[in-house]
Amino acid sequence: MGDKMSIMIVDDEMIIRESFLHWFQKSGHHVATAASGQEALEKLDIFPFDLLFVDIKMPGMDGIQLLERVKSEFPDTIVVIITAYGSIESAVQAMKLGAADYLLKPFKPDQLSLAMEKVAQQKKLVSEYRYLKGRLDNITRFDNIIGQSAPMEEIFALIPQVAASDAPVLLTGETGTGKELIAKAIHAKSPRSRFPYIAINCGAMPDSLLESELFGHQKGAFTGAIQGRKGFLEVVAGGTLFLDEVGEISTRMQVDLLRVLEEKKIIRLGSSQTIDVNFRLIAATSRNLEEQIAAGVFREDFYYRINVVRIDIPPLRKRKDDIPLLVEHFLTKFSNETTKRVDRVTRQAEHFLKNYDWPGNVRELENAIERAVVLSGSRTLHEKDFRFLSPASMEAQPGRSLLEMEKRHIRQVLDECGWNVTQAAKLLNINRVTLHKKINRYQLTRKSM
Amino acid sequence: MDANTDRIGVVPVGAVHEMAPKVVAAHISGYLSLQAESLAPVQLPLHTFNGNRLQYDAGLLLREIESIPFDEHGKIIAIVDVDLFLPIFTHVFGEARQGGKAALVSLYRLGKHGSGLRFESALVFERAAKIALHELGHLYDLLHCDNARCLMHFSGGLDELDRTSFSYCRYCATCMRACLKTRGLKRK
Numbered sequence: 001m002g003d004k005m006s007i008m009i010v011d012d013e014m015i016i017r018e019s020f021l022h023w024f025q026k027s028g029h030h031v032a033t034a035a036s037g038q039e040a041l042e043k044l045d046i047f048p049f050d051l052l053f054v055d056i057k058m059p060g061m062d063g064i065q066l067l068e069r070v071k072s073e074f075p076d077t078i079v080v081i082i083t084a085y086g087s088i089e090s091a092v093q094a095m096k097l098g099a100a101d102y103l104l105k106p107f108k109p110d111q112l113s114l115a116m117e118k119v120a121q122q123k124k125l126v127s128e129y130r131y132l133k134g135r136l137d138n139i140t141r142f143d144n145i146i147g148q149s150a151p152m153e154e155i156f157a158l159i160p161q162v163a164a165s166d167a168p169v170l171l172t173g174e175t176g177t178g179k180e181l182i183a184k185a186i187h188a189k190s191p192r193s194r195f196p197y198i199a200i201n202c203g204a205m206p207d208s209l210l211e212s213e214l215f216g217h218q219k220g221a222f223t224g225a226i227q228g229r230k231g232f233l234e235v236v237a238g239g240t241l242f243l244d245e246v247g248e249i250s251t252r253m254q255v256d257l258l259r260v261l262e263e264k265k266i267i268r269l270g271s272s273q274t275i276d277v278n279f280r281l282i283a284a285t286s287r288n289l290e291e292q293i294a295a296g297v298f299r300e301d302f303y304y305r306i307n308v309v310r311i312d313i314p315p316l317r318k319r320k321d322d323i324p325l326l327v328e329h330f331l332t333k334f335s336n337e338t339t340k341r342v343d344r345v346t347r348q349a350e351h352f353l354k355n356y357d358w359p360g361n362v363r364e365l366e367n368a369i370e371r372a373v374v375l376s377g378s379r380t381l382h383e384k385d386f387r388f389l390s391p392a393s394m395e396a397q398p399g400r401s402l403l404e405m406e407k408r409h410i411r412q413v414l415d416e417c418g419w420n421v422t423q424a425a426k427l428l429n430i431n432r433v434t435l436h437k438k439i440n441r442y443q444l445t446r447k448s449m
Numbered sequence: 001m002d003a004n005t006d007r008i009g010v011v012p013v014g015a016v017h018e019m020a021p022k023v024v025a026a027h028i029s030g031y032l033s034l035q036a037e038s039l040a041p042v043q044l045p046l047h048t049f050n051g052n053r054l055q056y057d058a059g060l061l062l063r064e065i066e067s068i069p070f071d072e073h074g075k076i077i078a079i080v081d082v083d084l085f086l087p088i089f090t091h092v093f094g095e096a097r098q099g100g101k102a103a104l105v106s107l108y109r110l111g112k113h114g115s116g117l118r119f120e121s122a123l124v125f126e127r128a129a130k131i132a133l134h135e136l137g138h139l140y141d142l143l144h145c146d147n148a149r150c151l152m153h154f155s156g157g158l159d160e161l162d163r164t165s166f167s168y169c170r171y172c173a174t175c176m177r178a179c180l181k182t183r184g185l186k187r188k
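In order, the protein sequences belong to chains A and B. Each residue of the first sequence is one higher than the one before, starting from 1 at the first, in the numbering used here. Each residue of the second sequence is one higher than the one before, starting from 1 at the first, in the numbering used here.
Some hints could be false.
Chain A regions said to be covered by chain B (calculated; three or more residues, Cβ under 8 Å) [as the list claims (entries may be wrong)]:
no.: 1; segment: 11-19
no.: 2; segment: 22-35
Calculated from the model, a selection of chain A residues having no Cβ within reach of chain B, i.e. all distances over 12 Å [what the hints assert, rightly or not]:
no.: 3; residue: Phe53
no.: 4; residue: Lys108
no.: 5; residue: Val297
Simulated crosslink set (BS3-like; lysine-lysine; CA at most 30 Å straight-line) [as the list claims (entries may be wrong)]:
no.: 6; chain 1: A; residue 1: Lys57; chain 2: A; residue 2: Lys108
no.: 7; chain 1: A; residue 1: Lys189; chain 2: A; residue 2: Lys219
no.: 8; chain 1: B; residue 1: Lys101; chain 2: A; residue 2: Lys4
no.: 9; chain 1: B; residue 1: Lys112; chain 2: A; residue 2: Lys108
no.: 10; chain 1: B; residue 1: Lys181; chain 2: A; residue 2: Lys4
no.: 11; chain 1: A; residue 1: Lys105; chain 2: B; residue 2: Lys101
no.: 12; chain 1: B; residue 1: Lys101; chain 2: A; residue 2: Lys108
no.: 13; chain 1: A; residue 1: Lys4; chain 2: A; residue 2: Lys189
no.: 14; chain 1: A; residue 1: Lys105; chain 2: B; residue 2: Lys112
no.: 15; chain 1: A; residue 1: Lys189; chain 2: A; residue 2: Lys230
Hints in this document: simulated from the structure, not taken from any laboratory. Ideal Cβ placement from N, Cα and C applies to all residues, glycine included.
Given the sequences, and given the hints that come with them, work out the whole structure.
Here's what the structure looks like:
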């Protein structure tokens with residue numbers, strides 16, 4: 001029936017063990033039996049059974065003791081307790097200790113079927129959880145951060161130490177240096193990794209929206225609040241809250257957040273009830289907060305509260321030794337995504353990439369590789385594939401208005417794509433209709449090249 | 001292989017309605033195209049009665065039936081009209097061991113409605129035939145099936161049994177054919 005499981009029957013009565021054995025064999029499960037708790041543990045050491053049916057009353061180690069041992073030593077094994085009417089209280093205790101179900105002997109045949117369905121569902125959920133957690137770990141894994149340069153090695157050494165503590169962390173660095181990757185790595189390595197990781201870009205939303213997103217609101221708190229909603233400070237429940245571009249937060253909001261950090265309590269908008277919150281804060285900024293404090297736009301007390309541990313992430317131009325590694329990483333990534341086999345760069349291209357200043361840092365490098373892979377017609381990327389990075393051609397052009405810049409950029413991309421509108425629209429991240437409209441508006445033609 | 005082992009014997013054990021084995025044999029012949037015939041009744045071994053449970057021990061009874069030399073028949077379906085139990089279960093409708101020689105089918109709970117009324121005999125025999133075909137499947141090494149309409153689907157109650165159709169699903173039918181072919185059994 002369904003997925004076949006490996007099952008062990010643990011009961012001191014042979015007749016019960018045989019009944020179960022014959023029954024499960026009819027469903028094609030792999031079945032073993034054990035006459036005592038000790039024998040069951042010995043068999044579990046040899047083979048990781050999916051499911052155990054355990055009788056509560058056994059001489060020596062009883063079912064409850066066996067359940068405790070199994071749950072601590074073989075947490076993946078599901079345990080169903082078998083009990084008689086007289087020991088129903090023990091069954092309740094067993095459920096509290098982590099048994100998946102219990103059956104009162106003798107039971108109707110369909111009760112066993114139901115218990116098996118429940119167990120199969122639980123096993124499936126556990127497998128799915130493990131798979132998804134594996135995927136998540138893969139996404140947030142430490143080695144997603146690429147670098148062998150001295151400054152990055154220092155950061156790598158710092159991450160496990162920082163992760164182990166619960167202190168707020170301030171990540172500073174230019175845009176595109178990978179602050180969020182470091183934040184995710186700290187979360188993934190921390191004891192809070194089983195709880196949510198929530199990232200908010202404070203620079204991307206107005207003050208009122210940010211307040212509502214963080215603190216939540218009661219129904220009717222403001223126009224449009226048609227139902228109550230939990231804020232991220234509540235939803236994060238035990239996890240890590242990453243506030244990106246914290247330098248963009250208004251001073252009023254800084255006061256509110258400072259209070260939350262100190263009291264670990266929040267009040268939803270429109271409510272008067274305080275709610276306890278539990279989270280670890282990681283903040284990030286590309287701004288110079290000391291200058292902002294001097295200018296009076298960032299509160300000093302809030303700064304000291306979030307700046308308990310500080311990690312400065314160097315810009316890419318200060319760790320150029322990492323560029324070949326990063327290029328290799330992104331080539332693999334985009335080759336896989338686009339199913340185009342582009343896995344090499346020429347020495348000239350590598351030299352060119354190492355000499356470029358990368359104002360947009362790793363993110364700019366990533367985008368550059370993606371663009372080059374998409375447009376490349378060969379397995380190897382050449383220097384010419386990265387010409388679009390050269391700012392010289394832009395500066396030589398007359399006219400600095402936004403419209404002029406857009407017109408020139410569209411023409412350049414169209415030229416690179418051989419006037420393949422679909423491909424150009426994809427690169428420009430606009431739809432084809434919009435691109436056609438812009439081509440008409442700027443009267444761009446192949447002749448205008 | 002013995003020339004007679006392709007025959008299925010349906011034997012009433014103890015007091016059983018005379019039509020029951022005939023209907024079961026007819027269904028086996030009809031649905032499995034195997035030779036099946038109703039045999040003379042045998043006595044119900046009274047020592048298989050359990051005084052504590054006030055029911056008959058299906059495992060014990062099955063062993064008794066298996067010990068009777070039915071040399072003329074490859075497989076035996078024993079029909080009883082007593083309440084059967086297994087040590088872990090309150091009751092069972094039938095019992096067989098994987099690849100065994102004999103299977104049990106009990107009529108006892110097939111005719112009783114929860115309200116106390118009795119079902120029509122035709123329905124009871126139909127249910128008995130389904131159980132016989134299910135247990136025969138086990139005798140030919142078929143396993144329980146997920147398909148709720150398949151004869152090899154495990155039915156814990158009468159409602160579920162009634163929802164089962166009179167056929168094996170495509171998968172179980174293939175397994176059954178393969179098993180019969182391996183044993184060199186001739187289908188009619």
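Comparing the hints with the structure gives:
| no. | hint | verdict |
| --- | --- | --- |
| 1 | 11-19 | holds (count 5) |
| 2 | 22-35 | holds (count 6) |
| 3 | Phe53 | violated (9 Å) |
| 4 | Lys108 | violated (5 Å) |
| 5 | Val297 | holds (66 Å) |
| 6 | Lys57/A - Lys108/A | holds (21 Å) |
| 7 | Lys189/A - Lys219/A | violated (37 Å) |
| 8 | Lys101/B - Lys4/A | holds (25 Å) |
| 9 | Lys112/B - Lys108/A | holds (16 Å) |
| 10 | Lys181/B - Lys4/A | holds (26 Å) |
| 11 | Lys105/A - Lys101/B | holds (29 Å) |
| 12 | Lys101/B - Lys108/A | holds (26 Å) |
| 13 | Lys4/A - Lys189/A | violated (35 Å) |
| 14 | Lys105/A - Lys112/B | holds (23 Å) |
| 15 | Lys189/A - Lys230/A | holds (27 Å) |
Checked against the numbered hints listed earlier, the structure breaks hints 3, 4, 7, 13; every other hint is satisfied.
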